[in-house]
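K.L.:
Order-wise, the sequence lines are chains D and G. Position 32 of the first sequence, counted from 1, bears residue number 754 in this note's numbering, the numbering being contiguous throughout. Position 121 of the second sequence, counted from 1, bears residue number 136 in this note's numbering, the numbering being contiguous throughout.
Hints are not guaranteed to be accurate.
Stated by the list, open to error - Which residues of chain G face chain D? A partial, calculated answer using Cβ under 8 Å:
hint: 1; residue: Trp176
hint: 2; residue: Arg177
hint: 3; residue: Ala200
hint: 4; residue: Ala203
hint: 5; residue: Ala206
hint: 6; residue: Gly210
hint: 7; residue: Asp211
hint: 8; residue: Ala212
hint: 9; residue: Gly213
hint: 10; residue: His215
hint: 11; residue: Ala244
hint: 12; residue: Ala248
Treat the hints as calculated values from the structure; they're not laboratory data. Think of the CB as a built atom: it goes at the ideal place given N, C-alpha and C, for glycine as much as any other residue.
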Amino acid sequence: MTTPAADARLWYAQRLSAMVLALCVAAHLVLIVAATHAGLTAAALLARTRGSAPFAVFYGVFVVACAIHAPIGLRNVAAEWLRWRGHAADAVWIAAAALVLVAGGRAVYAVVAP
Amino acid sequence: MTATIDVRVWRGNAHGRFVHYPVPRRASQTVLDVVTHIQRHLDASLAYRFACRVGMCGSCAMSVNGVPRWTCRTHVEHEVRGGTLELAPLANLPVIRDLVTDMTAFFDKWARARGRFEGATDRTAPVAVVPPASPARRAADAGIECIGCGVCYAACDVVTWRPAFLGPAALNRAWTLANDVRDVAQDARLAAVAGDAGCHACHTQGSCTERCPKHIAPTAGIAGLKRRAARAALRRAP
Numbered sequence: 723m724t725t726p727a728a729d730a731r732l733w734y735a736q737r738l739s740a741m742v743l744a745l746c747v748a749a750h751l752v753l754i755v756a757a758t759h760a761g762l763t764a765a766a767l768l769a770r771t772r773g774s775a776p777f778a779v780f781y782g783v784f785v786v787a788c789a790i791h792a793p794i795g796l797r798n799v800a801a802e803w804l805r806w807r808g809h810a811a812d813a814v815w816i817a818a819a820a821l822v823l824v825a826g827g828r829a830v831y832a833v834v835a836p
Numbered sequence: 016m017t018a019t020i021d022v023r024v025w026r027g028n029a030h031g032r033f034v035h036y037p038v039p040r041r042a043s044q045t046v047l048d049v050v051t052h053i054q055r056h057l058d059a060s061l062a063y064r065f066a067c068r069v070g071m072c073g074s075c076a077m078s079v080n081g082v083p084r085w086t087c088r089t090h091v092e093h094e095v096r097g098g099t100l101e102l103a104p105l106a107n108l109p110v111i112r113d114l115v116t117d118m119t120a121f122f123d124k125w126a127r128a129r130g131r132f133e134g135a136t137d138r139t140a141p142v143a144v145v146p147p148a149s150p151a152r153r154a155a156d157a158g159i160e161c162i163g164c165g166v167c168y169a170a171c172d173v174v175t176w177r178p179a180f181l182g183p184a185a186l187n188r189a190w191t192l193a194n195d196v197r198d199v200a201q202d203a204r205l206a207a208v209a210g211d212a213g214c215h216a217c218h219t220q221g222s223c224t225e226r227c228p229k230h231i232a233p234t235a236g237i238a239g240l241k242r243r244a245a246r247a248a249l250r251r252a253p
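Chain D extracted, bound-state conformation (with noise of 0.2 Å):
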């Protein structure tokens, strides 16, 4: 259970992560299509990415509001849809941030490390 604040607080998060994450996806796709059109193979990608800081803070900033929209939201989903409130729920969703944090942190390290 949390405080009306801490409520609000959370709403602004995954508002905030949204508009990130709207640039991000865009810019995402973006590279995606042209990295596709430009019959980049697997190890050129790489060769591009690793050690490179802009694809680092790029896709790191992208696993962080990745880590904090979609959790929020699941836990939106869990209040509404499941009537699942209270620490119990709060401890599922912090999970699911944490997992997002992690499984996404390890993917970008994979990518950029040098």
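Starting from the known structure of chain D, fit chain G onto it as the hints suggest.
P.N.:
Frame of chain D, contents of chain G only:
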């Protein structure tokens, strides 16, 4: 136009059933006229609420063919489908009997949203001048005609999903007071209407605005409360 309407009316409390009544069609007949005909001529035990019959008191709202409406201003000719009409108590409120709901939770939420004016002066102070064209007064004017009928509350899915949600009417009331320049409880009111039980739970689906018989837009007021709460949060931690 068929000579009679097959009216299905909810009878009983939460565990009731629909009962059929044949009601004669008449010119300019309202849904409230239909209910009154049933009670006066077919079944005197039917419970329903009404008072003014002219769209002022907000007491005759009920679900007409699954849609919440003020029945005194709802014409049968616009609602009847294939000669039938279905009348039920408002959704999202406990049913007392037949078409009568318990509005306690609805009005308690107005109090929880700090829906009463809180001034700093007494009656000896000079009358406050509020220019009618000022943005705050216009924003308050847009929501001030609420008659408390509960139609928006019954139309709101978020109320169904989150029983603690204050609902469109209480939040609209809070918004009119948030735009009252004489009111001195603004921060406390914003705190009362923030969070999962308040304005931040609204999905902006607009059912309240779609259904409000007074053409008020609670959705816009709720968005306004979100903006005010954000500004207050930037000023200081909420």
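K.L.:
Is the interface hint satisfied for Ala206(G)? The criterion is a beta-carbon contact with chain D at less than 8 Å.
P.N.:
holds (7 Å)
K.L.:
Using Cβ atoms only, decide whether Ala212(G) comes closer than 8 Å to chain D, and label the hint accordingly.
P.N.:
For Ala212(G), the interface hint holds, since the closest Cβ of chain D sits about 7 Å away, which is under 8 Å.
K.L.:
Let's test the interface hint: is any C-beta of chain D closer than 8 Å to that of Arg177(G)?
P.N.:
Since chain D brings a Cβ to about 6 Å from Arg177(G), closer than 8 Å, the hint holds.
K.L.:
Quick check on Gly213(G) please, does its C-beta sit within 8 Å of some C-beta on chain D?
P.N.:
holds (6 Å)
K.L.:
Mind checking the CB of His215(G) against every CB in chain D and telling me if the closest is under 8 Å?
P.N.:
holds (4 Å)
K.L.:
Is the interface hint satisfied for Ala248(G)? The criterion is a beta-carbon contact with chain D at less than 8 Å.
P.N.:
holds (7 Å)
K.L.:
Should the hint that Ala203(G) touches chain D count as held when the rule is a Cβ pair under 8 Å?
P.N.:
Violated - the Cβ of Ala203(G) stays beyond 8 Å from chain D, reaching only about 12 Å at its closest.
K.L.:
Regarding the hint that Ala200(G) lies at the interface with chain D, is the smallest CB-CB distance below 8 Å?
P.N.:
Violated. Min distance 16 Å.
K.L.:
Report holds or violated for the interface hint on Asp211(G), using the least CB-CB distance to chain D and a cut-off of 8 Å.
P.N.:
holds (4 Å)
K.L.:
Less than 8 Å between beta-carbons is the criterion; does Trp176(G) satisfy it with respect to chain D?
P.N.:
holds (4 Å)
K.L.:
For the hint on Gly210(G), does the least C-beta distance to chain D fall short of 8 Å?
P.N.:
holds (3 Å)
K.L.:
Hold the hint about Ala244(G) up to the distance rule: shortest CB distance to chain D must be less than 8 Å.
P.N.:
At about 6 Å, which falls below the 8 Å cut-off, the nearest Cβ of chain D leaves the hint on Ala244(G) intact, so it holds.
Violated hints, in rising order: 3 and 4; the structure is consistent with all others.
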